[in-house]
Amino acid sequence: MVLLKIAFRNIFRQRRRTLFTALSMFGGFILAAFFIGWADGTYNGIIDMFTRNRLGHIQIHEKDYLDRPSLYKTINDMSVINRTLEEVSGVESWTPRLYTAGLASLDDKTAGVQILGIDPVRENKTTSFNKKIIEGRAFSSASAAEVILGKGLAEILKAGVEDEIVVISQAADGSIANDIYRLIGITESGDEMTDRTAFYLPLEEAQKFLVLEGRVHEVAVTINNLNDVERIHRIIEEKLDNPRLSVEPWQEFARSFYMAMKADKEGMWIMLVVIIIIVAVGVLNTVLMSVLERQREYGVLRAVGTKPSQVIRIVLLEITFLALFCIVAGAIAGLLINTYFASHGLSLSNPITYGGIEIRAMRSEINTRSFFIPALIVLLSAGFVSLFPALKAARTDPARSMRFH
Amino acid sequence: MEEMNVRKIKDYIVYTEGLEKTYKDNGLEVKAVRGIDLRLKSGEFTAVVGPSGSGKTTLLNIISGLDTATRGEVWLKGRLLSKMKKRELADFRRDNIGFIFQAYNLIPVLRVEENVEYIMLLQGVNKLERHKRVLEILDEVGLQGMGNRLPPKLSGGQQQRVAIARAMVSRPALILADEPTANLDSKTGGALLDMMKELNRKTGMTFLFSTHDNIVVERARRVITLQDGKILKDEVKER
Ligand SMILES: Nc1ncnc2c1ncn2[C@@H]1O[C@H](COP(=O)(O)OP(=O)(O)O)[C@@H](O)[C@H]1O
Ligand SMILES: [Mg+2]
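Chains as they are written, first to last, in our numbering: chain A, 1 to 405; chain B, 1 to 239.
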């Protein structure tokens, strides 16, 4: 108790020095809180935009479909999936899709295409499909004999709205599937690669075309909060409880994108190391100075029976008090800063494009780790660098420290 | 013979035999203490005098166990210090010796009563008892009503009174005071010494001073003169 008192009151002795120490801890905390909130916010923003555009946050497939896609690896009972996803809280929307390759032609132009059967209503709800139509209109129904082409593909075929496109593929029963569809719209997803091959059909029409009635290859799911993806993906998996299905979070089905994001995020840790150094240098200097200055006091304390461990406690408690104060103050300031940048964001004068997605503004994110990690950084780095001066104080030789010359 | 020796040692509160201390300073050997046999009986009020550098502080530090002798032994209350473990020695010192230094005696952030109470806190004395004893001793050293002050706000003489109170409050057998009047004017120093002498008379605690101040010498009952680390004279005053 009395050690606590000494430690606490020591804080107020060298006000300027204390202020300097406090500022380095406070500044370190705010920097770290801002960087983490900012990094998490912008990265999650990019990931969210990227995945929401087409992929979704979670996908469901037949077990082996992702490794080796095939027309025959289908999800056969959508009603169970619909019911399950309905029940899971945090799920925002989902949409079923059918995929296969085909050959499309118009007049003398022919191109290899990826046929995508999509549910017009659900696709629009999940990935804002209709917003990406730059010419023409959306599907009139799930069974209409209509096609929407990616922009690049339309250019290759020199196709315009109202043209009639012939498409050939292989149906699930082994027969040749071929049909003529009226081009009603052209879409631009932001991803040129996709747009050069995308041949969208309404889901039911596509199922009929490929003789896969009632079946789909993929269900893309979006959730409300990207940070919940691991948890919700597990819940869906458990609830479906079907070994023939696989449920994957975006980290798995968009692996290369995930690795790229992860590599970018490593930069944040380098920043944190810099902050640790700021705190460590600021603290070490001042703690060492006060210990040297108070050597006689530690000598008196030792002479009258204070144990070395108790002297260590006095030094460490003082810096801990100060660190806790700085953490509380820093948390308040950090919250204000992060709240501001979460709601206002920072609009970019030169929008950046990532994977075909244009990003116009970056926003911070407010999460627990943007406070937890800085608190840990401040506490541990301050405590760690104070250990050396504390040991020095504990080893004070009373006889020497009080000698007069 | 051996047994007789032990009996003899037990009769003294401080008993040293052949104390020597050699400091090594940049390869240069400094013999601070060269063969001191010092014996103090309980209740003494004794001053070690001698010019600066004669070894007074070194001697006191060795007696208290704050420093170790190069040769020779110290017994306090019949116990051989060199046989004690570090921790044991620290506790023994805390419980049996009160220190008064020339200056910088007090913890500046602790109030007067907290400074006085400190050792009792380490000893685990209960609150009621602590409070009672702090009030008593502050009264005795003439600091009644000053318990709430912080040391830097006090005069040098008042600070030394607090130091005396702290040294005496847990009733140690021995008080070691290294030049306690060096930073005080003669009037203040004299008053302080009179007060300590009175406390010595009342409590029977043993006082050992180091000093080259006449104020102390005049009041000491026994004066041991050091020169170059050796005892030159050892006089007990009449009366
Ligand atoms: N730690 C030390 N290292 C080297 N020499 C020392 C040390 N402490 C004391 N001395 C020397 O020992 C001698 C006695 O010193 P000291 O005991 O302080 O004398 P006094 O207290 O009588 O002035 C002096 O010559 C002093 O310089
Ligand atoms: Mg001295």
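Worth flagging that the hints you see were computed from the coordinates, not collected in a lab. By construction, the Cβ of each residue, glycine as well, lies at the ideal position given by its N, Cα and C atoms. Please note that the accuracy of each hint is not assured.
From the derived model, a few chain B residues whose C-beta atoms are all more than 10 Å from chain A [claimed, not checked]:
hint : residue
1    : THR57
2    : ASN61
3    : ASP91
4    : ASN105
5    : GLN123
6    : GLU140
7    : VAL217
8    : LEU232
Here's a subset of chain B near chain A, in silico, CB distances under 7 Å, partners left out [stated by the list, open to error]:
hint : residue
9    : GLY124
10   : VAL125
11   : LEU128
Beta-carbon label-pair distances, calculated as ranges [as the list claims (entries may be wrong)]:
hint : chain 1 : residue 1 : chain 2 : residue 2 : range
12   : A       : ARG395    : B       : GLN144    : 58 to 64 Å
13   : B       : GLU129    : A       : LEU376    : 52 to 58 Å
14   : B       : GLU129    : A       : SER309    : 37 to 43 Å
15   : A       : PHE388    : B       : LYS85     : 22 to 28 Å
16   : B       : VAL217    : A       : ARG400    : 25 to 31 Å
17   : A       : ARG395    : B       : GLY18     : 56 to 62 Å
18   : B       : ASN214    : A       : SER309    : 30 to 36 Å
19   : B       : ASN26     : A       : VAL281    : 43 to 49 Å
20   : A       : ARG395    : B       : GLU73     : 32 to 38 Å
21   : B       : LYS77     : A       : VAL281    : 46 to 52 Å
22   : A       : PHE388    : B       : ASN26     : 46 to 52 Å
23   : A       : ARG400    : B       : ARG71     : 50 to 56 Å
24   : B       : GLY124    : A       : ASP228    : 33 to 39 Å
25   : B       : LYS77     : A       : PHE388    : 52 to 58 Å
Hints, one by one, checked against the model:
1. THR57: Violated: least Cβ distance 7 Å, not greater than 10 Å.
2. ASN61: 4 Å, violated
3. ASP91: 7 Å, violated
4. ASN105: The claim is violated: ASN105(B) sits with its nearest Cβ about 6 Å from chain A, within 10 Å.
5. GLN123: Violated: least Cβ distance 8 Å, not greater than 10 Å.
6. GLU140: Since the minimum Cβ distance to chain A is about 19 Å, GLU140(B) lies beyond 10 Å and the statement holds.
7. VAL217: 20 Å, holds
8. LEU232: 23 Å, holds
9. GLY124: Violated. Min distance 12 Å.
10. VAL125: Constraint on VAL125(B) not satisfied, violated at 12 Å.
11. LEU128: 16 Å, violated
12. ARG395(A) <-> GLN144(B): 58 to 64 Å: 39 Å, violated
13. GLU129(B) <-> LEU376(A): 52 to 58 Å: Violated - the Cβ-Cβ distance for GLU129(B) and LEU376(A), about 43 Å, lies outside 52 to 58 Å.
14. GLU129(B) <-> SER309(A): 37 to 43 Å: Distance hint for GLU129(B), SER309(A) is violated at roughly 25 Å.
15. PHE388(A) <-> LYS85(B): 22 to 28 Å: 26 Å, holds
16. VAL217(B) <-> ARG400(A): 25 to 31 Å: Holds, at about 27 Å.
17. ARG395(A) <-> GLY18(B): 56 to 62 Å: Check failed, 29 Å falls outside 56 to 62 Å.
18. ASN214(B) <-> SER309(A): 30 to 36 Å: Violated, since ASN214(B) and SER309(A) (Cβ atoms, about 43 Å apart) do not stay within the stated range.
19. ASN26(B) <-> VAL281(A): 43 to 49 Å: With Cβ atoms ~33 Å apart, the hint is violated.
20. ARG395(A) <-> GLU73(B): 32 to 38 Å: 26 Å, violated
21. LYS77(B) <-> VAL281(A): 46 to 52 Å: Since LYS77(B) and VAL281(A) have Cβ atoms about 50 Å apart, the given range 46 to 52 Å holds.
22. PHE388(A) <-> ASN26(B): 46 to 52 Å: 26 Å, violated
23. ARG400(A) <-> ARG71(B): 50 to 56 Å: 20 Å, violated
24. GLY124(B) <-> ASP228(A): 33 to 39 Å: 53 Å, violated
25. LYS77(B) <-> PHE388(A): 52 to 58 Å: 38 Å, violated
Violated hints, listed in ascending order, are 1, 2, 3, 4, 5, 9, 10, 11, 12, 13, 14, 17, 18, 19, 20, 22, 23, 24, 25; each of the other numbered hints is respected by the structure.
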